[in-house]
Amino acid sequence: MKKVVLTMREEERYRVIKAVVNGKTSIQRAAVRLKRSERTIYRLIQLYKHQGKDGFIHGNAGREPANKRNAQLERQIIHLYTNKYAGFNIAHFHEFLTTDEQITISESSLRLLFRKKQILSPKAHKATKRRVKRELKAKEKKVELLSKRDEATLSAIEAVENIKAHPERPRKRYAGELVQMDASCEHWFGTQKATLHAAIDDQSGNVVGGYFAQQETLSGYYHVFAQILRNYGAPAEFLTDRRTVFNSNKKEGSPSTENPLTRFGYACQTLGTELLVTSVPQGKGRIERLLETFQDRLTSELRLHNVNTIADANRFLVGFIKRHNNRFASPIKSNMSVFEKQLTPKEIDNILIIANERSIGHGHCIRFENKRYLPHRNGELIYLPPHTKVLVIKS
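Numbering (the working numbering), first residue to last: 3 to 397.
Read the hints as simulated data drawn from the structure, not as lab findings. Don't be surprised by glycine CBs; every beta carbon is placed ideally from N, CA and C. It is possible that part of the hints are untrue.
Said to hold, decoys possible - Here are the simulated DSSO-like pairs of lysine-lysine, each with C-alpha atoms no more than 27 Å apart in a straight line:
hint, residue 1, residue 2
1, 391, 373
2, 348, 373
3, 125, 324
4, 26, 51
5, 125, 86
6, 139, 125
7, 174, 195
To be verified - Label pairs and their computed distance ranges (CB to CB):
hint, residue 1, residue 2, range
8, 348, 381, 15 to 21 Å
9, 127, 42, 34 to 40 Å
10, 117, 89, 41 to 47 Å
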């Protein structure tokens, strides 16, 4: 005879209904004892008469949950995260699991799996880091050997310093009212450092421009400025740091210069854009946080796609920014935008210029960027006396 095993609750229900059927207790008492209605007691009596003890086994007993993950799938996910997607945060990794690996798992289930395996996201909150630290310390006290991954996690947590929080500044009301701009020099790809110049609209959170260069230069910021003018138009204000690209160290009225504006400042003045500068990083927190996000997400994707050159990185950046804006930013509505009209490439070239002073040499030519040039006027050569000062404009 097959042995029927019931849980404590099922066993209690079985004994009470059996007593009712055998006339040892009433239906009313059974309803009170089991905290069920009399109608339910009648139904359980019929169940007992037709199926006996088997009728009290829960219908899901012995079945595997429909949402249960098998161990092989868990190992596959952990292997992908620690190898192919190393350095991704959990939310970013979850996006690629769905789109690129065709693995369907909810983000909450993924976080539970990582918690069970004590795997930390690079963007883990302080509370999560403290919890994992306590768990690993407790594991050490039990004289359990930590795995290499656990040791690395514990070391990384202990190396993290507390960061002071700063109050948020309210967003601007209109798109284009303020654009924050900055650059970050990091190991974005390959073995050499590169500098990412970027700009973000304060109101909508849209990344309005991005450009990689070897160093932080006027040319890099001009490329970002050109993207803004071409795709959106001129903003009302720029907020940047106090680098000499934006802020001249020469004081107005000094004998060395008549105009303290930098080249970037002159371009802004031409377009009617006000250039604001600050030496406090928290004053331009929007762009600071964006660059921090890019150091996490963009670096991971550049490595995943084997991007190793500045040219390839700039091509990849176009699609990345579009995906980023679709994921995190608000759409810019025309009736809530103060961006001026978009400019043509020719108009942009005439505004974003680099002017350099040169002297005419004895060969009636000038040297610029290791090349020699003869001055022309209306298509005809002109010969100027040696040492004559001329202005070379590069657009």
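Evaluated hints:
1. 391 to 373: With a Cα-Cα distance of about 17 Å, the restraint between residue 391 and residue 373 holds, given a limit of 27 Å.
2. 348 to 373: At roughly 25 Å apart (the allowed maximum being 27 Å), residue 373 and residue 348 satisfy the hint.
3. 125 to 324: The hint holds at about 22 Å.
4. 26 to 51: 16 Å, holds
5. 125 to 86: 18 Å, holds
6. 139 to 125: 21 Å, holds
7. 174 to 195: Distance of about 34 Å is beyond 27 Å: violated.
8. 348 to 381: 15 to 21 Å: Given range 15 to 21 Å: holds, Cβ gap about 19 Å.
9. 127 to 42: 34 to 40 Å: With Cβ atoms ~46 Å apart, the hint is violated.
10. 117 to 89: 41 to 47 Å: The hinted range 41 to 47 Å is violated for residue 117 and residue 89, with Cβ atoms some 19 Å apart.
When each numbered hint is compared with the structure, violations occur for hints 7, 9, 10.
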